[in-house]
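Chemist: Line by line, the protein sequences give chains A and H. Numbering-wise, my numbering puts 371 at position 371 of the first sequence, and it's gapless, one number per residue. Numbering-wise, my numbering puts 33 at position 33 of the second sequence, and it's gapless, one number per residue.
These are computed hints drawn from the structure, not numbers from a lab. Built from N, CA and C at the ideal position, the CB exists for glycine as well. There's no promise every hint is true.
[Claimed, not checked] When the alpha-carbon atoms are kept at most 20 Å apart in a straight line, the in silico EDC-like pairs for lysine to aspartate or glutamate are as follows:
(1) A/Lys171 <-> A/Glu161
(2) A/Lys404 <-> H/Asp62
(3) A/Lys99 <-> H/Glu45
(4) H/Lys149 <-> A/Asp239
(5) H/Lys129 <-> A/Asp239
(6) A/Lys404 <-> H/Asp67
(7) A/Lys75 <-> H/Asp62
(8) A/Lys52 <-> A/Glu27
(9) H/Lys158 <-> A/Asp239
(10) A/Lys364 <-> A/Glu292
(11) A/Lys308 <-> A/Glu98
(12) A/Lys232 <-> A/Glu292
(13) A/Lys99 <-> H/Glu43
[Said to hold, decoys possible] Residues from chain H that keep clear of chain A, each with C-beta distances beyond 12 Å, as calculated:
(14) Val51
(15) Ala112
(16) Leu268
[Stated by the list, open to error] Computed from the model, here is a short list of chain A residues facing chain H with C-beta under 8 Å:
(17) Ala92
(18) Lys184
(19) Glu347
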Amino acid sequence: MMKSTRLALLAATMLGATGTAMAQDAELTIESWRNDDLTIWQEKLIPAFEAKHPGIKVNFAPSAPTEYNAVLNSKLDAGTAGDLVTCRPFDASLSLYEKGHLTDLKDLENMSNFSDVAKAAWSTDDGSATFCVPMASVIHGFIYNADAFEELGIEPPKTNEEFYAVLDKIKEDGTYIPMAMGAKDQWEAATMGYTNIGPNYWKGEEGRLALIAGEQKLTDEQWVQPLREIAKWAPYLGDGFEAQAYPDSQNLFTLGRAAIFPAGSWEIAIFNEQADFKLGAFPPPVQNAGDECYISDHTDIGIGMNAKTENPEAARTFLNWVGSAEFASLYANSLPGFFSLSNETVEMEDPLAKEFVSWRENCKSTIRPAHQILSRGTPNLWNEMWNVSANVLRGAQTPEDGAKQLQDGLAGWYEPQQ
Amino acid sequence: MSQATKKPRRWHIAVFLAPAVLIYTAIMIIPLFSTLQLALYSEVENSQVFVGLQNFRALFGDPQWSDQFWNALKNNTWFFIVHMIVQNPIGILLAALLSSPRLRMRSFYRTAIFIPTILSFVIAGFAWKLILSPLWGVAPNLLDLVGLKSLFQPWLGKEAYALTTLALISVWQFVGIPMMLIYAALLSIPDELLEAAECDGITGMSQFWKVKLPLILPAIGIISILTFVGNFNAFDLIYATQGALAGPDFSTDILGTFMFRTFFGFQLQLGDPNLGAAIATAMFAIILIGVSIYLFGIQTRLRRYQF
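Produce the entire structure from the sequences given, and follow the hints as far as they go.
Modeler: Rendered as structure tokens:
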């Protein structure tokens, strides 16, 4: 009798203990495509959050960037996705919200720390709901090997003419491959090629919005010219660049074999770590000296809440923290190259990141043209841009044909372009 | 079935069949039929609506989809042809060499040739990607050693070569299977038969062509159909080496990668499970037709020998 009472008591305490432990330790899992950032999340960001919010455990579970959207969509449909979801900008996330996979976060306290432009990437078309907290934008430009530039006595180019003069000079010298870029993974040519140099031709937002409104076509001069420039790059790339993948390009540059890397600012952290030479950066060159410059300052990454999470309170606490000034500064400094979208001024220490962000002062910012609205149909404009840019780079398609393919594909389903 | 001798119900048959039937039904038959069913639906405002054959009309009628489908089918056919004209003859040749009584270290060769087959696609794909890499690969250096550097091309990055290169990688990986099956078939030929052939003066090469080859034809038939099914279901190798966009310019896009891209989506392209299921159904139909042609058109005509 005594024994069984004792046992029952024991069982009750154990159950109680586990019960409270479960209530206290809410576990949050973050879905992300930033597998490069795993250690930074584990060593800096998550400990900083957990120190302030005992009882919430956070687990960062990234997948490969090119597979992320497919993996996430199937996980959400199957109900096995993590509590927090890293959001791609615009339509990819908008469709998740419309399907009820993400919740509206408009009433989140720290949402007021972001401008409307920053929130636009993760809001419905009418702005009535915002479903992801903006985390960061990435800026495109060119990163160069400053030691090599000094050795060859060249200055970072400002105009297009200077740009090719620099490439010619590096090629003539022969010590370095002028530029590290491959055609195999396709997105390099589109992201770091077409949408990197393009804004200077289509005048940033002006061209992008005109395209959405149907006032400009992808076959117009300002949209074809950047493709013509990419076609001119092939002789400056390494041998066999047709089969060169993105990690190959990165290694080619960080090993000091190539002098210029058409880049996105997300490379900064990795390059700082891997390259043992001085790094510099220059914005995409303008056509004529004194022209207004435009940069691709792409709202790239946000974070939202899985509507089916079991810990909505903990998830909201985490998201609110992501919107805070503390996170903005922590994130921007642990991941130089991901520029905070917060209204708070964030002091950055990394010189290369400072260089990138300084372009915002003189140049006008825009985002990648295919991302808002224009990739809603079939064929998908962004995927087409990958393919066409890579084809043009390889010389397998003329810039004019490529532009025509893009325009025909878009006009096939997008009414304002018909 | 006479009533007089009352047969006991043979429960044990059902009991022994049950595990296999249940598992096979749960993981093969039900998913197969739900895929076929999924292909007949479409998502309209977040709910699945029955649309009949509309997905198939889009797949074959809308040039956006049909161009990709025919491109994938054409590439897949070439992928299969390369296997048939390279993998299977080499498999037969290797098996014939292995079964030669004068060969030493037979089990070493057998194991060495079979090992790639047990490797994961991802490993094989990645290893070959590195071997053929114009930057770090050993292929350019090896060609340089024999003075043929000029023959080197970034094969995986050229439309003209990429698919054939991938098919040959797959041949390298799987040549062990036809080799093993034919080797087993060759071993099962009774010695009396070969001795009788020798008495009649048929030896060496002509013995292979006139006696052994007809006896292993059924095995070759089985291998061909396995190759056919395997190739038209292929996906992993292309995905591991070229990614879901199957570059350059979709020249390595086969039905498997096309289905994956459509079903799960890619980058900003959202997944369309219904159209993806329609492609999967088309793949199923292609394989079914191929296997039926073999079963009814070829296998019934193959003469089998009982020893």
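Chemist: Are the hints correct? Go through all of them and say.
Modeler: Taking the hints in turn, this is what the structure says about them:
| no. | hint | verdict |
| --- | --- | --- |
| 1 | A/Lys171 <-> A/Glu161 | 15 Å, holds |
| 2 | A/Lys404 <-> H/Asp62 | 19 Å, holds |
| 3 | A/Lys99 <-> H/Glu45 | 9 Å, holds |
| 4 | H/Lys149 <-> A/Asp239 | 12 Å, holds |
| 5 | H/Lys129 <-> A/Asp239 | 16 Å, holds |
| 6 | A/Lys404 <-> H/Asp67 | 17 Å, holds |
| 7 | A/Lys75 <-> H/Asp62 | 30 Å, violated |
| 8 | A/Lys52 <-> A/Glu27 | 15 Å, holds |
| 9 | H/Lys158 <-> A/Asp239 | 13 Å, holds |
| 10 | A/Lys364 <-> A/Glu292 | 8 Å, holds |
| 11 | A/Lys308 <-> A/Glu98 | 14 Å, holds |
| 12 | A/Lys232 <-> A/Glu292 | 23 Å, violated |
| 13 | A/Lys99 <-> H/Glu43 | 11 Å, holds |
| 14 | Val51 | 16 Å, holds |
| 15 | Ala112 | 28 Å, holds |
| 16 | Leu268 | 4 Å, violated |
| 17 | Ala92 | 6 Å, holds |
| 18 | Lys184 | 5 Å, holds |
| 19 | Glu347 | 34 Å, violated |
Hint compliance for this structure: hints 7, 12, 16, 19 are broken, all remaining hints hold.
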